[in-house]
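K.L.:
Given next are the chains, with one letter for each unit.
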Amino acid sequence: MELVGAIFTLIGALVLLVASIGLIRMPDVYNRLQVGTKASTLGTIFSLFGLVLVNPGWAGKLILLIFFVMMTNPVSSHVLARAAYFIKIPLTRRTVVDKLKVSDSALKVKAD
Amino acid sequence: MRNSFILILIVAFGIMLYGLFDAFSGNEQLSELAKYYAQKENIEKVQAANLVTAVVVTYRGLDTLGEVTILFLTAAIIGFFLHNKEEKRFLRENSEIFITAAKLLIPIIILLGVYIFINGHLTPGGGFQGGAVIASAVILMILAFPEREFNSKFFTYLESASGTIFVLLAALGAIIGSGFLDNAIVPMGTFGKLVSAGVIPIIYSFVGLKVGSELSNILGNFKAVQSDN
Amino acid sequence: MKNIFITFLILMVVWILLNNSVQINILIPGLITAFIVSLLVCRQCEIFTDYKLTPKAFAYTIIFLFVFFIELIKSNLDVIKRVLSPSLPINPGIVEVKTTLKSKFARMMLANTITLTPGTLTVEVKDESFFIHWIDVQTDDIEKAGNEIVKKFEKYLEVIYG
Amino acid sequence: MNYLIISILLGIIILIMAGIAIYHKESLVAIIATGVVGLFASVLYLLLAAPDVAMTEAAIGSGLSTIIFFYVLNKIRSDKTKDGSLKTKDGRQKTEV
Amino acid sequence: MEYVSLTIGFLVILAGLWAIMTKKNIIRIIIGFVLFDTGIHIVMVALAYVKGKAAPILDSTVSIDDAVNSIVDPIPQALVLTAIVIGLGVTALMLAYAVKLHKEKGNLDIKSFKELKW
Amino acid sequence: MVNTILTIALAIIILSIAITIFRFVIGWTTIDRVIAFDIMTISSIAMIGIIAYLSNRIIYLDIALVYGLLSFLAVIIIAKYLEKSL
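Chains as they are written, first to last, in the numbering used here: chain A, 1 to 112; chain B, 1001 to 1229; chain C, 2001 to 2162; chain D, 3001 to 3097; chain E, 4001 to 4118; chain F, 5001 to 5086.
Simulated from the structure, these hints should not be mistaken for laboratory data. None of these values were measured; they are calculated from a predicted model. Check before you lean on any hint, since a few could be wrong.
[To be verified] With the C-beta cut set under 8 Å, the calculated list includes, among others, these residues of chain D facing chain E:
#: 1; residue: Y3003
#: 2; residue: L3004
#: 3; residue: A3021
#: 4; residue: V3029
#: 5; residue: I3031
#: 6; residue: L3044
#: 7; residue: L3048
#: 8; residue: A3050
#: 9; residue: P3051
#: 10; residue: V3053
#: 11; residue: I3060
#: 12; residue: G3061
#: 13; residue: V3072
Even for Gly, the Cβ is constructed at its ideal location relative to N, Cα and C.
Next comes chain A alone, as it looks inside the complex (with noise of 0.2 Å):
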């Protein structure tokens, strides 16, 4: 059991390796971002569970731990990406659409 702990720990932390690789890689700051989020809560998501596994004793502190990622890193995220959009950093060239471009009145500023 503590060994399959220690394991699920191990790639917990190749996922986290893999999401800093994917931002160097990634061509804009939306796919970095989406990389970010989605690797970065996964690595840590399976380094906790992997500690859960290895220490059972510890689960309470760990889970809510594993919540509270859960729930803020997305939103954050969520905010970041819309910074992002409505100051204008370009989207890359291999675009295919947009269609938030077309409702483009959701981001209009109101004064200012």
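For chain A, the structure is supplied; the task is to place chains B, C, D, E and F on it using the hints.
P.N.:
Showing chains B, C, D, E and F alone in chain A's frame:
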């Protein structure tokens, strides 16, 4: 030219620091004072499992009082400097997702702050950290609902009340117990449980409330000064 | 009233998880604190009203979590495949999908789930349209994209939150 | 447990971040780098068996002071765009103060 | 490990001092001050470390009977804890002054504040 | 055995943080740097968890909680600053 003088100065300072580094040979055991604090009978007298808390609240309690006073003065000076009447500004609407998440997270964050300063004598943390966490809940509220007015009067009252109770509890130690900030004025409880260590968790709770409201006031002042452009 | 009760319940669960034990001398300060905090913030806790306190909703919550975790793992295999392949097979774009959910909390859960599942990221939410950055666009039709991305979670959330 | 290598790596990270904080030309990046210095200093405190200090540094030294810096930076920037001395070109943010 | 931390602390102190002395922008000077502060805290905590000992919090892993021989020094940690909070207060105060100065002159270049130069 | 694997995992996490710092240094836009900051803090949470296991102290996990909270707050505030709606 000027930079080279500064560089020489920095190098001289660095040599001085290297002297300190050279003279340092890692500690093998505790210093005499720390040994006194870590003795079994002294730990059982104070009953705080977290020795840092024991040092901060009882042995060096007056320092903490002075520090809280300094924070209060900082908050007062900043309020004096930056006081502006808040005007309406047009901000971009927050994302609905973020507002909902903030509504979910604010109670949990406040509860985390309370946990941190109530358990100050058992786990790492205490009044200052718990106060900082509560202040970050307040800042999350400010960010998520910018149209609500920041209620600085409430925080001022909370801060004064908890500061007064802190001083009263400390003075009560001098009257009933054996000295200023003596922690044996309430029943001690059993070592290592939540209800133990006498008056330490109570004092730390009030320190936490005080620090939290002071930091919230500072942040609220910095937010209010935004609006005069 | 129901709001305060649900907030109180959630805070108690968080308190027990934080303390990692259920002794009586830990529970009593937790009760007091959770009560005070839930009274303090009750002005903004109307988000919990939509949760249905029925056994069916509870069962669906568990099924939803299960589906969600499977999607999470699938999404990461997908990400790993994309990142590590030398040709970088991406085809990104922003598409629009519609949802029928009304409850605020359910919409937040849906947006979070979309962000954490394969190749999608919520960029903007406006009324009933979600604008989603999709790393591998297959269709730009609203209906088809909705079927592809949203439907599999929406049906559970609809039961849970109404 | 031998944390020596980990502490050396953390130290290298901290020094790189301190260099960025001093020499980067955008103030915003400098402030984020200062926050990261605090963050990894906090991990270093954890390795040095000081969890209390680590928590204080994470909450106050790295969290709240960064937030205060951002409020001040926002204030300074908004004045600057008002008199038009530093216009923002399309998209690219000029945050140098 | 404490040697490494001590070295890092000294280098961060020097970096902060360099920033304070050479930079012209007041915000950069305050950043230098924050770095200086962090460096001093790292040095103090590193000086408190005792080889191979645990954190000064007694629970199931550190027993009360053997506390003297199994914990690190708590006193510098307590001092650093208060010093960090005071550091936040000082930083906030300096930033408030910076806002005020910016309102007076319209910029933050240290060279344009000549009133107190003798 | 378990300790060895966990130490290797710790080293891998540090390596990923180092790669992220590379993005932080060369980052083309500010948003990229903020993403790098986010990933650094999230990785530090996993790192603190592993350090807590290796030192066998449950109390270290409180610090990870505070970390998670403050990284969320910092990202939000930077995003709102960039949107000019702070």
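K.L.:
Work down the list of hints and note, for each, if the structure agrees.
P.N.:
Right, here's what the structure says about each hint:
1. Given the 8 Å rule on beta carbons, the hint for D/Y3003 holds: about 6 Å separates it from the nearest Cβ of chain E.
2. Checking D/L3004 against chain E by beta carbon gives a least distance of about 5 Å; that is within 8 Å, so the hint holds.
3. Because the smallest distance between the Cβ of D/A3021 and any Cβ of chain E comes to about 6 Å, under 8 Å, the interface hint for this residue holds.
4. Given hint, D/V3029 at the interface with chain E, is violated; its Cβ is 11 Å from that chain's nearest Cβ, farther than 8 Å.
5. Using the Cβ-Cβ criterion of 8 Å, the hint placing D/I3031 at the interface with chain E is satisfied: the shortest such distance is roughly 7 Å.
6. Checking D/L3044 against chain E by beta carbon gives a least distance of about 6 Å; that is within 8 Å, so the hint holds.
7. A cut of 8 Å between beta carbons decides the hint on D/L3048: the least distance to chain E is about 5 Å, and the hint holds.
8. A distance limit of 8 Å between C-beta atoms decides the matter here; for D/A3050 the minimum to chain E is near 5 Å, and the interface restraint holds.
9. Using the Cβ-Cβ criterion of 8 Å, the hint placing D/P3051 at the interface with chain E is satisfied: the shortest such distance is roughly 5 Å.
10. A distance limit of 8 Å between C-beta atoms decides the matter here; for D/V3053 the minimum to chain E is near 5 Å, and the interface restraint holds.
11. Taking 8 Å as the C-beta contact cut-off toward chain E, the hint placing D/I3060 at the interface holds, the least distance being around 5 Å.
12. Hint status for D/G3061: holds, given a least beta-carbon distance of 5 Å to chain E, under 8 Å.
13. About 5 Å separates the beta-carbon of D/V3072 from the nearest beta-carbon of chain E, less than 8 Å, and the hint is met.
Hint check: a violation occurs at hint 4 only; the rest are consistent with the structure.
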